[in-house]
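A.B. asks: Here is what each chain is made of, one letter per residue.
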Amino acid sequence: MSIDTATAAKVAKLARIRVEEDDLPALAQEFNTILGFIEQLNEVDVEGVEPMVSVTPMRLKRRIDDVTDGNQQDKVLANAPDAREGFFAVPKVVE
Amino acid sequence: MAELNTLTIAEARDKLRAKDVTSLELTEACLNAIEGADALGAFVHHTPDLARDQAKAADARLAKGDAPNMCGIPLGIKDLFCTKGVPSQAASGILNGFKPEYESTVSQNLFDAGSVMLGKLNMDEFAMGSSNETSVYGNAVNPWRRGNEETALTPGGSSGGSASAVAADLCLGATGTDTGGSIRQPAAFVGITGIKPTYGRCSRWGIVAFASSLDQAGPMTKTVRDAAIMLETMCSHDPKDSTSADLAVPDFEAMLTGDIRGKTIGIPKEYRMDGMPDEIETLWAQGKDMLADAGAKIVDISLPHTKYALPAYYVIAPAEASSNLARYDGVRYGHRAQMAQGDGITEMYEKTRAEGFGAEVKRRVMIGTYVLSAGFYDAYYNRARRVRALIKRDFEEVFDQGVDAVLTPATPSAAFELGRETSDPVEMYLNDVFTVTVNLAGLPGIAVPTGLDKQGLPLGLQLIGRPWEEGDLLNTAYALENAAGFVAKPTKWW
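Respectively, the protein sequence lines represent chains A and B. Residue 0 is where the first sequence starts when you use numbering that gives the first Met the number 0, and the numbers rise one by one after that. Residue 0 is where the second sequence starts when you use numbering that gives the first Met the number 0, and the numbers rise one by one after that.
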């Protein structure tokens, strides 16, 4: 399995990380190195083994569906790069 | 009297209770030590005012006479922990300026017990690294040097600042986190103790997430006893973390008898790596003898899937990271890129993340994105999760055979130099070869300083225990610590 620059560009797009055109070949090369290392997993016989879901065999707890928190709009917005009139502000997303 | 900042937690506790010292005195000693230690790059956000207020409150509590063990103890907190009103940015540019409105459960537990926070500690960005070189703050530096050389060495990573601060006596103990070895490898590189408890012992709430199925917090301390004391305070059942264990937390310190007669220690043959330095091999053999001399039974064991732990980790951890780090989008907190004319929301995301994340973080997020993408999910991610199940099964089988703990080297080498040319990212990943199995299997593991190499650098051994039996594991570590008698300290140059 070899990653070409087009695949590297696609992965960068999916990850929403801008990568300049000139940097794509080096990135593809790094992916190939890492994926080459990961390929070793193909040597393992995993027939009949279930993929691990939880490392400790415990049932996730349930809780009562109550409202236990809220009314802290100012705190929620306190770290926003751009907050206006009680909302997070972002570039226009609908025409 | 020795400088107060060089005390262990246990010594400080006893002196505080005997009214020989005050928390404020301890805190001032540490703040002084920190002030003169910029060259170590350990503390990246200083909170002296908060520390003094907490110390005064601790002294008032101590005066009343019912103070818990950790009351009045000055600590450093890894930058991965969200601390209310104090910068918490996981050593990343993307969280520049972020001041949480809430406190992580682990740091809250420590504060509830009366502990003092001196400041935030350096680390690899988002805990991704083994040398503390991916930090936006710059490198943390190991207080140890090779003989008379001045070459700057890594304190390891990702909890490099924690390791450096504790080894240099800037604080009495520090919090760390461990996803693939990030407590144990740095602890070994600086000659201190570091324990990663069983997955679920410490709440992950308020700790910036890297790989949620692997991340665990733990203490980094000068002694095994201190690790027992601090770990007990850090652990709790927390309804805010659904994977937090609803189990009673034992008095770990009370379990330190040093008596390991009749215990069975397994030596896994798969941990004998090609190209492993002789000194590590010798240290491991010495550790085996020390435990045997203390009355433990030593048995050879096999953990056949060990070789596949690192490749499985480098699928699972990046996959989880790509999902966890999707939240850094420039909308709710941290950095947002400047927009150009005509840029829409997608450009904002892409530019923000390109500017905010460092190279290693980007690499892992993209690898994670790739292994989770349509067409590859089964071949990579599901296969890695199957291999993970086999790695866990390996341990279950040896524990079923009566093994109480497994003894291995902690790291494949002593601390290496900062700035080493690394064109191959996989080379750095090999640092975690002995520690990463423990995270994949969710087990407790502890690194104990056991000796010095011929250049005078500390080396550590790792003990791996049964799930939820940190008390027993700490006791075995205590026996090893007693036998090894490691008392060396770095010579102050900073």
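Since the hints were derived computationally from the structure, they do not count as laboratory data. Be aware that one or more of the hints could be misleading.
[Stated by the list, open to error] With a cut-off of at most 25 Å between alpha-carbon atoms, the simulated DMTMM-like pairs for lysine to aspartate or glutamate come out as follows: (1) B:287 <-> B:393; (2) A:12 <-> B:245; (3) A:60 <-> A:46; (4) A:74 <-> B:328; (5) B:83 <-> B:111; (6) A:9 <-> B:19; (7) B:63 <-> B:48; (8) A:9 <-> A:21; (9) B:268 <-> A:94; (10) A:12 <-> A:68; (11) A:60 <-> B:423; (12) A:9 <-> B:328; (13) B:63 <-> B:100; (14) A:12 <-> B:377; (15) A:12 <-> B:346; (16) B:391 <-> B:377; (17) B:361 <-> B:346; (18) A:60 <-> B:468; (19) B:239 <-> A:68; (20) B:391 <-> A:46; (21) B:361 <-> A:3; (22) B:391 <-> A:21.
A.B. asks: Check the structure against each numbered hint from earlier and tell me which ones fail, lowest number first.
C.D. replies: 2, 3, 6, 9, 10, 11, 13, 22
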